[in-house]
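Colleague: Sequence:
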Amino acid sequence: MANLLEKYVVPGCRVDLQAIDRSKDNRREKSEGHKTYQSQVIDVLSEDRIEISMPMEKSKLILLPVDCEFDLYFYSDNGLYQCYARIVDRYKNNSMYVLVLDLISNLRKHQRREYYRFSCALEMNSRQLQDEEVELAGKTEDALIPQLPLKSSIIVDISGGGLRFVANYAYEAQSLILCKYYLLIGGEAKEYNLVGKVLSVRELESRKGVFEHRVQYVNVDDSEREEIIKYIFDEERKTLRKQKK
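Mapping of the sequence shown onto my numbering: residues 21 to 265, in sequence order.
Simulated from the structure, these hints should not be mistaken for lab results. Treat the hints with care, since some could be wrong.
No more than 20 angstroms apart at the CA atoms, straight line, and that leaves these computed lysine to any residue pairs for SDA-like [as the list claims (entries may be wrong)]: (1) K55 / S139; (2) K250 / E211; (3) K262 / S115; (4) K217 / R147.
Using the sequences and the hints given, assemble the complete structure.
Modeller: Printed below as a string of structure tokens:
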């Protein structure tokens, strides 16, 4: 069984924890107002016991209590998996702070309605689609007219479903735009040219004249989406390794 668990949960993969409460009829419910903590799997000890690193926030350890139950989400290369677990021990091993958890439900593949959003600062160029491009948006990339002028912006978070960027200009909500950016895939910079729908636009209160845009992809294929998700997982692992050091 441990080997079965290790097929999906392996040392180094990211795990999110959210506290859960028991309802009056003993059902598990997510605690309202409780935040999500990020951690990393250290080891799979048995079919129902794992070790993870103590969560940290701004270089400060978050001392989660023993016997508290959590809703866990494991971000593996095979997808997103969920289960419930209880903290049974915590200790320090050399310079590492460790939590020991017992799984108290079966591990199941989680069908995400939303993709995890990774905070970043990536350069992006964009432009609004022409009328003739809009008619074929989401059907073929060949519909895009090449070499039209682009505007620069900064992606502030990205996911497999879309992105959020800021710029000193504003597109109209519901408009379709071309998003052009690069991600480091397999050690090489790969260019992405994706069409997205602008879901919302707002001017930042703290920075007048700067506008935040939320965008949902409309023409990303499965292979590109998986590359973006893998990029996010890889960058998360790098961040967690830096935090451990």
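Colleague: Flag every earlier hint the structure violates by its number, smallest first.
Modeller: No numbers; nothing is violated.
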